[in-house]
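Each step along the sequence shown adds one to the number in the numbering used here, with nothing skipped, and position 237 is 237.
Hints listed in this document are in silico derivations from the structure and should not be mistaken for laboratory results.
One thing to keep in mind: the hints can contain errors.
Only pairs whose alpha carbons sit at most 27 angstroms apart, straight line, appear in this in silico DSSO-like list of lysine-lysine [unchecked claim]: (1) K401 <-> K390; (2) K390 <-> K380; (3) K380 <-> K116.
Every value quoted in this text rests on a predicted model; they were computed, and no experiment measured them.
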Amino acid sequence: MAFIQAIIAFIGRTVGKILSSLLDWAVVSLFGRVTGNRKLFLWGMMAAAAAWPILLVGVIAPKAALFFLAFVPFSSTVPPGLVRTIWLALAVLVPIMVGVTIARQSPTGRQEGLVKSVLRGFPITAGLAAAFVVLLVTVPVLRLASMARGRHDTYVPLVTSPESYHVAAKVVVTTLERHGIELASVAPPWWAALPSQILQTLGQGAFKGYVADQSAYFRNDELEAVLYPNALLLRGPSEISARAHALAVEALTGHPDMFQTVSSDAQELERQIQRVWSTFRLNPEAHENAGPLLSRVDDIATEIVQRPLPFDDWQVVYRQLLQLGRALDGQRQTLETTLPKERLMATTTPYVPVDPVTQSLSTRQLLTQLLETVSLLVTKEVELARAELKANLKTELDMVKLLAAGGIVAVFGVNMLLVAAVFALTVWMPGWMAALGVAVLLLAIAGLLGLIGWQRRVSAPLAVTRKTVKEDVQWAKERLA
Numbered sequence: 001m002a003f004i005q006a007i008i009a010f011i012g013r014t015v016g017k018i019l020s021s022l023l024d025w026a027v028v029s030l031f032g033r034v035t036g037n038r039k040l041f042l043w044g045m046m047a048a049a050a051a052w053p054i055l056l057v058g059v060i061a062p063k064a065a066l067f068f069l070a071f072v073p074f075s076s077t078v079p080p081g082l083v084r085t086i087w088l089a090l091a092v093l094v095p096i097m098v099g100v101t102i103a104r105q106s107p108t109g110r111q112e113g114l115v116k117s118v119l120r121g122f123p124i125t126a127g128l129a130a131a132f133v134v135l136l137v138t139v140p141v142l143r144l145a146s147m148a149r150g151r152h153d154t155y156v157p158l159v160t161s162p163e164s165y166h167v168a169a170k171v172v173v174t175t176l177e178r179h180g181i182e183l184a185s186v187a188p189p190w191w192a193a194l195p196s197q198i199l200q201t202l203g204q205g206a207f208k209g210y211v212a213d214q215s216a217y218f219r220n221d222e223l224e225a226v227l228y229p230n231a232l233l234l235r236g237p238s239e240i241s242a243r244a245h246a247l248a249v250e251a252l253t254g255h256p257d258m259f260q261t262v263s264s265d266a267q268e269l270e271r272q273i274q275r276v277w278s279t280f281r282l283n284p285e286a287h288e289n290a291g292p293l294l295s296r297v298d299d300i301a302t303e304i305v306q307r308p309l310p311f312d313d314w315q316v317v318y319r320q321l322l323q324l325g326r327a328l329d330g331q332r333q334t335l336e337t338t339l340p341k342e343r344l345m346a347t348t349t350p351y352v353p354v355d356p357v358t359q360s361l362s363t364r365q366l367l368t369q370l371l372e373t374v375s376l377l378v379t380k381e382v383e384l385a386r387a388e389l390k391a392n393l394k395t396e397l398d399m400v401k402l403l404a405a406g407g408i409v410a411v412f413g414v415n416m417l418l419v420a421a422v423f424a425l426t427v428w429m430p431g432w433m434a435a436l437g438v439a440v441l442l443l444a445i446a447g448l449l450g451l452i453g454w455q456r457r458v459s460a461p462l463a464v465t466r467k468t469v470k471e472d473v474q475w476a477k478e479r480l481a
């Protein structure tokens, strides 16, 4: 019997590792390579959805579902109806939890009522489960095919917004074309498009920002490039993928809402770098070695030193700052120097100058317009501060309400513990004596705490202020003498 249990435990551990790998592959195939809280969120949703069909099977066949999930044989002493009820409760609870969690973690910031979030959890869970089944079949086959062809998957962190997604795809393709890697835009194959389509249909927009409406898919005979909202996938021989990786990250630096880091602090630094790049690109010749922009580079460098960034994010931001400094010095980017100047000038998009109306203004008019803009910015900042303060106050009030509710429930819990203690003491003494002893103990503790608190009261309110005022009056009288 012990030998059989050991075998079952070994099989359980092995299957657990396999399922964990399959879940990782499914998350990467659907959403790209994500890290941090986004990975935990997506991994948890996928795991819950993958278990949901098994829970539904458990309602019909509780023994089979129990053995499949935990590799534990069904005990004959446990009523099957009880296990079936537990499976049914879990099958209902999982979509509810998925719906509420996605409503709170939605990247689009959608705020919905509790009932609507709960109801949306069922089609979302069904969509995730269906997508997982498709990936469960296709991902291992694709991995084996890539290994047989000598291809490797390289995931480049790249967080984009719906507005910058297609711009990022264009930047990647045009950059690779300038360096001799021509990719054609094609429709994603069914095995890549079907899971995303299922999520878009059943998810009802819940994964907007995680799954693109229409994935950007490019390929040639040697390289495939797929852009996710959270990553860029490059699939091909290692030497070609590595070169494409280097070219892509250099070209994507400085473009608005294209983040190559994952932590919030690093993305804030990237956002500052992007703003300086946007100003520089308005007129590169005029902004070359511009003092204010160089000063901003020094400010960002100081922040990089002060902020506790993960090393991977730190080196990305450090590289981007070096690229910005190189541009402000009037130099071409490192990998762009490998191109002939004529080819670079012919393929680089010219900068867009300031609008003609602004160019026609006099210096006095420009200063007036600048002051008006600054005044408007100050007004908007004050309005933003008021709105933010109001929102923060509301959040704090919600926290106080929840803490108060938790405190009340905790008081009831302590009461029940005290009742249990009284019942336990009745083994050695009468019930009234046990209750009296517990009450006396609690009253003694309450009296001690009250005495300590009373001794800490403010016996002389505003003592420091009154002393200072008294000294000020004395000083005034002395000066008037």
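Here's how the hints hold up against the structure:
1. With a CA separation close to 17 angstroms, the supplied pair K401 and K390 stays within the 27 angstroms bound.
2. Using a Cα cut-off of 27 angstroms, the hinted pair K390 and K380 holds, with the two alpha carbons roughly 15 angstroms apart.
3. Of the pairs offered as hints, the one joining K380 and K116 is violated, with about 34 angstroms between alpha carbons and a cut-off of 27 angstroms exceeded.
The structure is inconsistent with hint 3 alone, although it conforms to all the rest.
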